[in-house]
Amino acid sequence: MSKTITIDGTNIPFEDGQTIMEAATAAGVYIPHLCHHPEYIPHGSCKLCTVKVNGRICSACTFPAMEGQDVLNNTKELTDDRRKITQMLFVEGNHFCPSCEKTGNCQLQAVAYHLNMLDDHFPLFYPNREVDASHADVMIDHNRCIFCTLCVRASQQKDGKNVFAISGRGINRHLIINSESGLLKDTDLDATDQAAHICPTGAILIKRTGYQVPIGERIYDHQEIDQVSLETEHLQHGE
Amino acid sequence: MANKIRVATTSLAGCFGCHMSFLDIDERMLQLAEAVEFDRSPITDIEHCTNCDIGLIEGGVCNSENVHVLREFRKNCKILVAVGACAINGGLPAMRNFIPLEECLNEAYLDGIGVENAQIPSDPELPLLLDKVRPIHEVVKIDYFLPGCPPSADVFWKFLTDLLDGREPSLPYELVHYD
Amino acid sequence: MKQFIQDLAETNGSQPTHLLQILRGVQSRYHYIPEAAIEQIAELLNISRTQIISVVEFYSFFHLTPRGQYELLISDSITDHMLGKHSITDYLSEKLNVAVGEVRHDGLVSLDNTSCTGMCDQGPAGLVNGYALTRLDRPRIDQIADLINHQKPLDLWPSELFQVADNIIKPGLLLNQPVNHGSSLQAAFARGLQETLTEIDKSGLRGRGGAGYNTAWKWHLCYEGPEENAFCDVATHGQPQRYVICNADEGEPGTFKDRVLLNSFAHQVFEGMTLCAAIIGAQQGFLYLRAEYLHLYEKLQSVLAERRSSGLLGDNILEKGLNFDIEICLGAGAYICGEESALIESLEGKMGIPRNRPPYPVTEGYLGKPTVVNNVETFMAAASIAVNGGDWFAGVGTEKSKGAKILSICGDCPRPGIYEYPFGTSIQSVLNDCGASDVLGVQIGGPSGTFISNKEFDRKLAFEDLATGGSFIVFNSSRNILDIVNNFTHFFAHESCGFCTPCRVGTSLLKKQLDKIIDGHGSAGDVVALEELCKLIKNHSHCGLGQTAANPVLTTLQRYPELYQSRLKEISYEPGFDLDGALETARRMAKRNDSGAHLAQVEEEL
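Residue numbers (our numbering), protein chains in the order written: chain A, 1226 to 1464; chain B, 582 to 760; chain C, 81 to 686.
Calculated from the structure, these hints are not laboratory results.
Do not rely on the hints blindly, as some may be mistaken.
What the hints assert, rightly or not - A partial selection of chain A residues facing chain B, derived with a Cβ cut-off under 10 Å:
| # | residue |
| --- | --- |
| 1 | G1280 |
| 2 | I1282 |
| 3 | C1283 |
| 4 | C1322 |
| 5 | S1324 |
| 6 | D1345 |
Being a predicted model, the structure only gives us computed values, none of them experimental.
C-beta: ideal position from N, C-alpha, C; glycine also.
Please construct the entire structure, taking both the sequences and the accompanying hints into account.
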């Protein structure tokens, strides 16, 4: 008999050491997330994967699955809260989708679509952030960074480099680049690195690949992020 | 005629793309015309709002005139709707927010290449620019939001028919787009 | 500079864990962290420059651009405000010809605000190059301005400027009978270590930082902790590694009891740590001292030296085979480091970002090893319990809150200072003792705690009623509650570490929304929006900071809804920004001032 938890009333098997997110994904249950990626150590910062475990709010991506857990995931209350958390991510940065190459392939946007986010709800911050186009093949638009640290983790954990870091405190948090000049061109980042491709938003883009797929024919133009996510991450979280 | 729903529309700091998209409902416009009549709108050339049921606002707020128009709509429309990316988050015009207004005006009217008779326009007839372009929900209360750049014709149709049929308006997944 | 940094790194064993200590040295010498220093330290410690930059940008007392040779900071606690902080700062700014947040053109002096420096009983307070200044008034500021303008070195400044009083007004269970040096350890060894842990268990001692976790359980869990964690590298160490950390990052505005305990009862605190080490099997302890208490550093070092020379610290303590020593590590200005896992990160030389839990520090703490983190007062109490027994302690207090609690009382009362009360004491009797009159309300447990109104003074100090880490701020009826809430809300937005979305963005949004209402720009829906935002931050934040950041608004909104409502206009909506102000640049450039060049904040009714 394998151990189980329940998510929204359905029995979900898990193995010791799995997080709620891992058990859910392996069983085909989508929990919204942005900073989580099955190939990297969970970070637990975006808080989109907030679930209620026996009445207590937890991050599914970091909280271990344990016998006896009754998990609430797909409830109106959680969807409403997740939508507001997504709106927070939108207002703190500068997310002008119509002018962003990532539109249609962007996970931040796709999660917002999934949560039926129709407006920003909060006042916008319009922070003044830079674009770093110094690198020959990769550009960074800091306006779109949501501090998920996936590029930081990918560079360290997959590429064996250490190109990115998050610095600063509170609302002044920002992505920094590991070079004396602080510019991307002076790092050992290659366009083929995982770190250059993992960004869930349009903050890190590969140059000269823009608009190869027309708007309207992109990933989330046809498929909702829950299906896409389960299809791509299911195997990584499965056996 | 008396029972028709009155709709007003305007474009503030926008490109009229949302209005063009609205017209893309094509032949459904005839169906709509049976239930709706237009008040102030670029379609009618009526200059000021009277009492309306629905106001559709395209574009963000970039100058003092936008504020006056938006207030006129808020005052006269029972339901005020932010239509499109610019109305919702400032959109492309808001990308000037990262350049100080002084620099924008200097570049446009004083120092820019090809500027002749350099001077900052000061005619009292002209609206003054706000230091930042704002989404309309930061200036007046907004009841509904239709995202998209522009929202597709189907979005307009779905939203208006929901309202006309007495349903709480909602947009299914395939109609929600920010681009 | 090269040699200076090289020496500094060597003094710190070239350990990446000591990054904060090294950066403190650089900041203190150069008044900023130069780029060249970052490169050199990265090389010497074999860490990335980004780790160093992120640490510099995280902590308030490090700077990437030069501050003045005299770095002046003024405490921004609500109590400092109540003691005239605002006019004092203005005066200082005028006298020294430097604006708040700026460096004077000659680079001699910089002036800024800083979060509560823990001198609420003797404010308005400040810091000069990290050293505490108290009781600031105009004569003192004249004096300070003179000293700075004449470039007098800090060690030649008159000592009364730096005088910090203990102000122990009402000692109780612990403060009345401090233990003799070594007697706790002797008692513990005589009784047996396991038996002593049983006594601590019997005492019912709970953590004094505010959260109230059972101390004996914590020690027991750390002792029991999974062996694979406890064992470091058996080949080289041959025995389990466990750590004892004393949390002296007393950052909750309005608290200063740890400052007093460390000033006058440091032996007993260290003895409590040593006792813990004996029980859980630790060899290394740390006192994480908040940077604002730099003035205590030397004195604490000499206490440690004294204990080493009397066989109470070091190798073979009391000849019982116990090897344990304590290192003092200073913080660098970050409230969040009071959270135990953030504190551990900071001790490891990183940004103070709270970890995901589980695992908890008792199983995976400092450098991944089982670690006990306790408050200063908890260690002090444990040392007393080892001598006097569990029943002695448990005989005082309530069913769920045993013993006594040391309070830092400040605000509107004639006798601010340190008071110790058995748990279960009513707020009214505390107010009577400190002489407070005409009381509007009391902030219990600091900004992250609860504001209670004058209808609730029969409530009790206890974990089951009003829990507090020690902060007790009295407000009389001349105070404006919204000013208080505003100060606290800005504090949290400033101190949020920025790790999780709800706290990073939420505390800034909360600040904006509250400002809008307080400034009179709120309308019908704005209080509802405020409350909604509060709940979101409270429910979804990663750690205690975010989970309590909305408490000032929530606890006062619950008690004084009419206060918030009265600020609202009876209109459907008003912009949260200054509309007419937004036209200022355009107006100036177009040289216009006609009526069309202005906008009313709210449309005039026609």
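Now for the hints, and whether the structure bears them out:
1. A hinted interface residue such as G1280/A counts as satisfied when its beta carbon comes closer than 10 Å to some beta carbon of chain B; here the least separation is about 30 Å, so the hint is violated.
2. Hint status for I1282/A: violated, given a least beta-carbon distance of 26 Å to chain B, over 10 Å.
3. With a cut of 10 Å, the hint placing C1283/A at the interface with chain B is violated, because the nearest CB-to-CB distance is about 27 Å.
4. The interface hint given for C1322/A holds, since its Cβ lies 4 Å from the closest Cβ of chain B, which is under the 10 Å cut-off.
5. At about 6 Å, the closest approach between the beta carbon of S1324/A and any beta carbon in chain B falls short of 10 Å, and the interface hint on this residue holds.
6. Because the closest C-beta pair between D1345/A and chain B is about 5 Å apart, less than 10 Å, the hint holds.
In this structure, the earlier hints numbered 1, 2 and 3 are contradicted, and the remaining ones agree with it.
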